[in-house]
Each structure stands twice: as structure tokens, then as C-alpha cells.
Amino acid sequence: MTRASRTDERAEAEPPDLPGFRTWRGVYLFVFGWFVLVVVLLTVFTATFS
Amino acid sequence: MNAADWAVLLGTIVGIAAYGFWRTRHVRSLNTYMRGDAAIGWGTIGLSVMATQASAITFLSIPGQGFESGIGFVQNYFGLPLALIIVCAVFLPMYRRLNVYTAYQFLGQRFDEKTRLLGAGLFLVQRGLAAGVTIYAPAIIISTVLGWRLDLVVVFTGLLVLVYTVTGGSEAVALTHRWHVAVIWAGMVTAMIVLLLRLPAGLGFMGAAHVAGALGKLQAVDFSLDPSRRYTVWTGVFGGLFLSLSYFGTDQSQVQRYIAGPSLRAGRLGLMFNAVLKIPMQFVILVLGAFLFVFYQFVPAPVFFNEAEWRRHAQDGRFRAIEAEHASAVAQSQSAIRGWLEARASDDTAREASARAAMVAASQHSRAVRAEAKAALAAADPRTKTKDSDYVFITFILTQLPHGAVGLLLAVMFSAALSSTASELAALGTTTTIDVWRHLRPLIAADEARNVRVARRFTALWGAVAVTFALFAGFAENLIEAINILGSIFYGVVLGLFLVAFFLRHVGGTAVFLAAVAAEVLVVGMYFSLNIGYLWYNLIGCAACIVLSLALQAALPPRRAG
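First to last, the protein sequences are chains A and B.
Here the first sequence is numbered in this note's numbering, starting from 1 and rising by one per residue.
Here the second sequence is numbered in this note's numbering, starting from 51 and rising by one per residue.
The following block holds chain B by itself, in its conformation from the complex:
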């Protein structure tokens, strides 16, 4: 990184944080602090919903997924548009009609206080942990590749987001989201353009797509019914529907984004904006990863993309031999790809098939050498994290982008981390204030100034918790999956609570409360004992909560069930 990169990076992220702080420094109204500016437009709501969901992990891990496993991960988002339609038609009108600050207030009004506290508690545990991951994920990768101190990156990110989130609450979050999304889009478009320009002469977009496709990286859809496959159309549509419905319908970090605004129309259009754009956006990011795979068939690629980790262990001759074998494998793969491209242009079907088989074999050999490198690392130090796909895109950024653009892409990572963390902290602070603190101190609810002061303190407290968690916890190897797995374990049951509330009017508070606790125990038990795609836990948790609610409502005496 040079001075230009530093200027772009710091100018962008500090500038946006300062703007958010300055514009909202006079916020005194509880409504503005927790719901945002009442005049906010649907476009800002849409961008805010998008920025909340797209964390830095999206832009670090997903290209890595495309590189390593292809673009099938896009199916994970197939349930999202359907879920957003349901949220627009059912959830959002109810939240606005009841004029709630949090989704869990609705549970309190529909059932009772213990069910409201259960919903809020599940959210606080799940989202509180996730906020730590949201800060840690980009920090560990950026600090590793740039040689920065991890603790300083974590603390810097945490302090920066707290400055404007504590000051301006939801209004500051929405204001800064617009600029963060602008930076993210500008950076990702820049990266894609540079990648296409750096592909070998004559290959072009279509050539790269054909190579990536032939090497199995462009299978976007898989209609297989095998339940052990992680990403299929069915897990995407059904599991993804429940995951998205839980996330957008019941997670306060999203609910707080779209209950803002002057009208129901603004919230609905903001959500529909995301329903239309989300799958194409994720597709483009995954294709970027698949094209990175093609790119690294033509330029010298590291045998292990977390090069700092590799250098730390790769001291003896065995590692040198693996490096040499990898260089040879890449050269063979490159030669085989060129051979296939020539055969393909010749219209000789038999030659094309033979060249294709050779190309696939060369690619598999290259992959086997990388697996050998990971095994060697694990043998040298069993604690080594051997999954390096999260480091692919950042390696490309640092080695291939021109100065200035490197700073912009790092600003993308920080903007994404700041925007999603800001929503999480604002939601955690709001939920703790409204659903827990005001529950314990009901007489103070009318004191608006004190409510805002308390909300600021809780937001700061959750920021401190997230930063502490990020500093001292170790996380799963694949960061985006870690968050999705965590979400899937909790979200299904929370969604079950809300679906019972909306659609099963005869079920009372005690029945649904006991059912939710039992369903959560069931999901956790299944997670530790079965090997099925984690998206199914959304469906299982939700279904268990609903079925058990109905059974308990029928079994319990009327007074207890209600």
C-alpha cells in the first residue's frame, strides 16, 4: 500500500463515519434514534437493507467460494425474493400498525411478556455473537495479508462504527449506509474490470466463462434431491426461504431498517428493491470468484493463498518440493487450457473431448497439489487453518490492482464491515432498551430523553461486547458459513414464534413459549448429531415450534396454555 491507497482508504471510511456523526449529533428524539428520519425515502431503505445484509464476509468469502467450489452458492439466495414478498404482505403492515420499535414488542402484544423476552433473548444471543464475527472476519484476513496487528484493526473498526452509531442511532446508520453501498459498488465494479483486463489476451469474458464452466465452476443450479448436498435449488428455495423469512421478518437488525420511513409504501419498495437485485448481485460476486480461478490458471498463483501462514510453516525442503510441484502443475494446467481452447476452435469434436479431458485432469492434479500443501501445513501445526479461499480475492486485490484501487477495495471491505456492524449494534441497543430495560423499568418508559441516553449506553455496551468477542474468540474456518450456521440454529425457532403469532390465532403464550424452548433444544441436538445441510435447520426449527405449539395448546389446560 502506498500513500494514495492510504488516502483513499482512510478518507473514505473515516469521512463517512464523520459525516454520520456530524449529521446526527443533535438527535434527541427516541423515534428518530430508533427508527431513523421519518422523511427517509424508499431508495435509502433499500440500500440500508442491502448494506445490513452484505457484510465484509460477503466480499471476502463469496469470491473465495466461487474460486473454490463454483457459483452454486447463489442458490442459497433463492428463497430471498419469496421471503421478502411475505414480509411485505404480512410482517411489515403488522409492525407499522402496532407502531413498534422492535419485532419482539409484537410478540409481547400477541402473546405475553415471557414470549417477548424469549424472542428478544434469542435475538440478542445470536446477533451479539454474530456482531463479533462481523468485526473479526475482515480484520483477521486484512491484518494477516497486510501484516497489521489484529487487535488494532478490531479496535479501530469497533471504535469507528461506535462513533456514529452511538451518536445518531438508526438515523446515522441509514445515512452512512447510502455512502457505504456507493463505495462497495464502485470498488467491486473496479475489481471486475481489472480482472477482465488482466485475463490473457484473446481469452475475453466468453473464453474465461467457457474455461470456468468446463472446469466445473459455473454450475449455478443443481436440482439434485440428495439431502446431504449443501447447495441445491431445493435447499435454496425452501431452506433459504425460511432463513430469509427469519432474517428479514424477525431479526431486529433488518426490521429496524424497513420500519423506518414515512409510509408503508417506502418500506415495501425498499424490500422489493432487494428482492429484485440480491440474486443478480450475488451471482456477479460469485462469477468474479470463478473468473479469479481462471485468472490464476494463467499467472503464478501461490500454492496456499494465506501466504503469511504458509511462510510461517514452510521452512523445510518438503514445502519447497510442494511449491515446485505446484508451479509445474499450474504450467501443465495452463498448457492444457490453451490446448482445449485451440481444440474447441477447430470444431473437431473428438479432439475437443480429448483436450477437455486433459484439461480437467491437469486441473485436478493442480487441486491435488494444493490439497497436499494443506495436509503438509496441518501436519506441521494441527492448529493451522487450512482453508485459504477467504484469502483469494484479497490476494488478487493486493497483487494485481493499481495503487488507489487497492485503497478503494480495502475501503469496500471496511465499509461492508462497518455498515453491517452498525445495523447490528443499533438493533442490539434498541432491543435491550425496549424489550429488556423498559420491561424491568416500566415507569421510566415515558421519559424520552432518558430512553435515548440508555439506548446509547446499551449500543456502546454491545459494541464493547462485539469487540471483546472479536479479540478473544477463535472462529470457524469458513466465515460466511459460520454465520449462516449460527443463524440457522436460532432463526427457525424464532420464525416459528412469529408464524404462530400471525397465523395460529388460538395458540396462547405458554404453549408457544414451551414449544419454542423444546424446538431449540431439538435443533441444537440435531446439529451436533446429524450431518445434513444446515439450511434445513431453519425449516426444522420452525416446523417443530409450530407443531409443538399446536400440540401443547391442545394438551395444556386452557388457563396454562394461554
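Okay, chain A solo, but in the shape it has when bound:
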């Protein structure tokens, strides 16, 4: 294993360093949840104004 690949593996294990998120999986779940919320809001918007 090269020094570069070891460095990158450490980087992958590096936490997102965002308040409220300890892992990248948590960040992805948040973004997915945000997407679902946006689609729901757009559906409500469509129902309200169409």
C-alpha cells in the first residue's frame, strides 16, 4: 500500500465535521430526506394552486 492510498483511506474515514453529523451516511440520509420533503412540498404546491 502506498502512502497516498493510506492517506486517502484516512480521508475516507474522516468525519464530515458538520454540526449534528458524525458520519457521511448521516449526511446522505439528510440530503435524501430533504429531497423527499421537497417532492412532497411540490406535490402540495401543485394541489394548492392547480
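I should point out that these hints are in silico values taken from the structure, not numbers from a laboratory.
Take these hints with a grain of salt, some might be off.
[As the list claims (entries may be wrong)] One side of the interface only, derived from the structure: several residues of chain A facing chain B at Cβ under 8 angstroms:
no. : residue
1   : D17
2   : F21
3   : V27
4   : L37
5   : S50
[Said to hold, decoys possible] Just a sample of chain A residues kept apart from chain B, beta carbon distances all over 10 angstroms, derived:
no. : residue
6   : P19
7   : G20
8   : R22
Small disclaimer: the values here were computed from a predicted structure and weren't measured.
Glycine included, C-beta positions come from ideal geometry on N, C-alpha and C.
For chain A, the structure is supplied; the task is to place chain B on it using the hints.
Chain B in isolation, oriented as in the chain A frame:
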């Protein structure tokens, strides 16, 4: 345009280009030239990814889409957040681990040189053409409405972007993107505020939304399973997922943006920034278009928004009669809208329903007159481009915004054109240097200074190609769709190459290479013979490439398949 508009326009776009040139004039390192400043933050990466995707077409065509067809186009972006999550989790870590300059280097390391060249070649063809469209699209619209010479606008845009992109490469692109996005947001917020202020007294945001909704402009989501419908939730989620995955995961103009930076974290956060903001941003731009539709129910609107084209042909009495009929139709529509608003406030359901039907009928009549105008134009000159929705927003800008703001909004268009073109040219130059030139001249790879010189020349060459293409080619009527269709024809197959590389470890280079060529032939053949939503070609191309790879890997002798 007056002096204030010129000062804002030129001060902004020339100033940003000069800043990019000046800050990066000493770039000598290949790493900095191709990946950008190693200390770049996630915010700059996020803005750079956003600026790369949002071309001038976004800000000219999308309000026109909202005006003409409503806001359903927003569904086109539903696959984007999901695609960005996959890019963050799978693609980006691999690119950083292999320390590549281009996405196609990964194909070379995973398969072989011919597959790498195929991936790079498909990118160069598709993106090289798209760079010409990126320059041409705003140039044709701006030159038409302002009476400027098209060739001068194209050449000016091309030279301006080349000055800093050739000099500073990826670092200059990222630096200027921050300022371009700031100008774009400032301009679009200004336009929205002016539009809301110019709506008739008493209508307001909610009133305009109810009118737009009643006239069918605010249907954001459509769950229909009809495959011939262009924009539905399903084409957006599935077709859009594949289109976005191809674009963000395999298109060097985006890959080059997020492999920059000091860490994997910076690239990931930059992409997640876009995953969160993209759909709301597109929604706002489309709503702006829908509100423009409402606005033009209350003020005298041209029967055909490309007024220069209209004036050129509308010489006889027939056109005058259409203009008069349109003015009458708009007046009827306005009266019907006011009648519906009053009926709505009265809480009388039957009256409201009757007034609503009258309003819809009046709007349809107005639309029919516009269709009649387009038919008359086509009859007068079959070569006339009869789609005028790309001219709606620019007409509003030039006729309704105060001086200074007009210059700012034109700066928005040029900033968007410059920012996306800069990314494209930097990526084209990098790919040609790394994947083609260094492939042919492997012994020179270690000469860093020469690599940078060659990359600068290739970037300039691609700039010249894009400008030439923009000067001499004619394009499809709806510009944003032209780019998306072009992308959909190529992207699916390229994505298939990468998905096989990532997830089907037993498939070798020859099998995937032959499968990709066959899949591309299949997609092109289907495009010319079938009538289905173009986003599906992303899925079809990708699936065909994967399935054929597996079949060929099983059928070919082990030595040939590998």
C-alpha cells in the same frame, strides 16, 4: 441600454475575467492548472459545480419554459440529489484514491487504453459541440433583441473566456465562478423583486400564484406513467438520475470541479451543497417564468416575443390583423382574470367555477392567436424559428427593468455563459492533453512545464472550435432541450462504461468496449426512429452497455474479453 447599463455590464464581466487572469497569471504547476488551488474550500467547489451546470441557457430558456409550459420542467432535476449522493459515495473517493486528472484515466487503469480513449472521445465530441451551443445560445438571443452583430457577440464571449481559462486553467475557472454566481444570484433576485412589484395592484404573490395555477402553469409534479410525456416524476427520478449520474460522475467539466480541493470532505460537501439547492433554485426560476405569464396578461404583450423576427416578416395586413386580434384577446383574458379573482373572493362556488371556465377559455383563445401568429410567420418564411419562449425573459428585462438593472441582468446572462464555457474548455483542454496527447507521447509526461504549455494550447484550440461552431452552425429551436437531448444520446453509454468499471469487476476491456460501441449505435438508431421522452435514452444507453458487456464477457474467449 444607457451608459449605466453598459458600465454595469462591462465592469462586471470584464472585471471578473481580468481578476481571473491576474490572480492566475503565474500558474506553472500542472496540478494547479488542471485541478485548481489545493487550498480551495468546499463552498468554492460547490459554487463552481453550480456555475458549471447553470449556463446562460438556464436563465434565458427556463423562465421561457415556465411561461410557455408551466413549471413541470422542475421534475427534470429530481434525479440530481440522488445522483450526487452516489457520486459522493462511489465516484469521488475512487478518483481521489487513483489521483487522476480526468475521469477517463480511471477507465484506462480499470480496463485498457482503447476503452479510456473511447470514453474520452465520446466526452470530447459531446462536450465540444455543447461548448459551441453554450456560447451561441445567449449570443443569438441577446444579439437579436439588442440589434448587436451575432458574430461580434460570439467572438467577444469566446475571447473573454479564453483570456483567463487559457492562462490559469482550473484555478482561474474556480476563482471566477464565485463572482459569476454572486452576479447571477444578485441579478435573478433583482428580476424577481421587480416582477412582483410590477404585478397589478392588489394581485400580489398569492394572487399571481392562484392565477398561474388556474391557468395550468403551476403543476410542478405529474405522476403519470404515460411514456410519451416528456416531464413526469418518473422520467425525472429515473431518467434524471441517469442523466445526472452521467453528467456529474463522468463528465470531465464537472469531475474537474470537485476533484479539486485539499480533501475528500471538501469535494463531498461541495456536491451536497448542490444536492440541497438545485431543485429549489430551478423551481424559483420556473416560477419566475410562470409569473411572467401572469404579468403579460395585464400589460400589452407582443404577439411574438422575438420581435425582431416579427418585424422582419410582419409587413402586410394579415399580420396587422393578427396583432389587433391578439390585443383584443389579451384584453378579454385580462377582464376574465379580474372577473375570476372577484368571483373567487365572493365565496360563490358556482360563480367561481363559471368565471374560471371563462378565464381558461380566454387564455386558450389568446394562446390560439399566438399559434396563429407563428403559423403566419412560418408561412411567410419556412426557415423562421417560431419558438419564441426563449425571448420572454429578455423582453421583460429590456422593457420593464430600470437602467442599471438591465445591465446587471445582461451581466447575469454573460456570467452564466462564461462560467459554463470556462469549465467546458478547461475540461476539453485537460482531457485532450492527458488522455490523448500524453497517450501518443508517453515519454513527455514527466515534463511538467511542457504539459502545461500543451494544455494551454489545447484549451485555446477548443475555444476556437467552440467559437467557430457557434459562428457557423444553426441550432435547434429550444436551446436547453437541444443540449439535454445531445447529452442524453451520449451520456447513458458513458455512464454504462463507468458502472461496469465500478461494479462488474469480472468484465474486461474488450467486452465493455464493444458493448459501448453497440449501445451507442442502438441509442442513435432509437433516437431517429422512436418518439419517447429523451431522458429515457440515458437509461437505455446505460442498460444496453451493461447488459451487452455481460453478454460479450460471457461469449468472448477469455483472452479477447479481457
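A quick look at each hint next to the structure:
no.: 1; hint: D17; verdict: holds, 7 angstroms
no.: 2; hint: F21; verdict: violated, 10 angstroms
no.: 3; hint: V27; verdict: holds, 6 angstroms
no.: 4; hint: L37; verdict: violated, 10 angstroms
no.: 5; hint: S50; verdict: holds, 5 angstroms
no.: 6; hint: P19; verdict: holds, 13 angstroms
no.: 7; hint: G20; verdict: holds, 14 angstroms
no.: 8; hint: R22; verdict: holds, 13 angstroms
Hint compliance for this structure: hints 2 and 4 are not met, and every other hint is.
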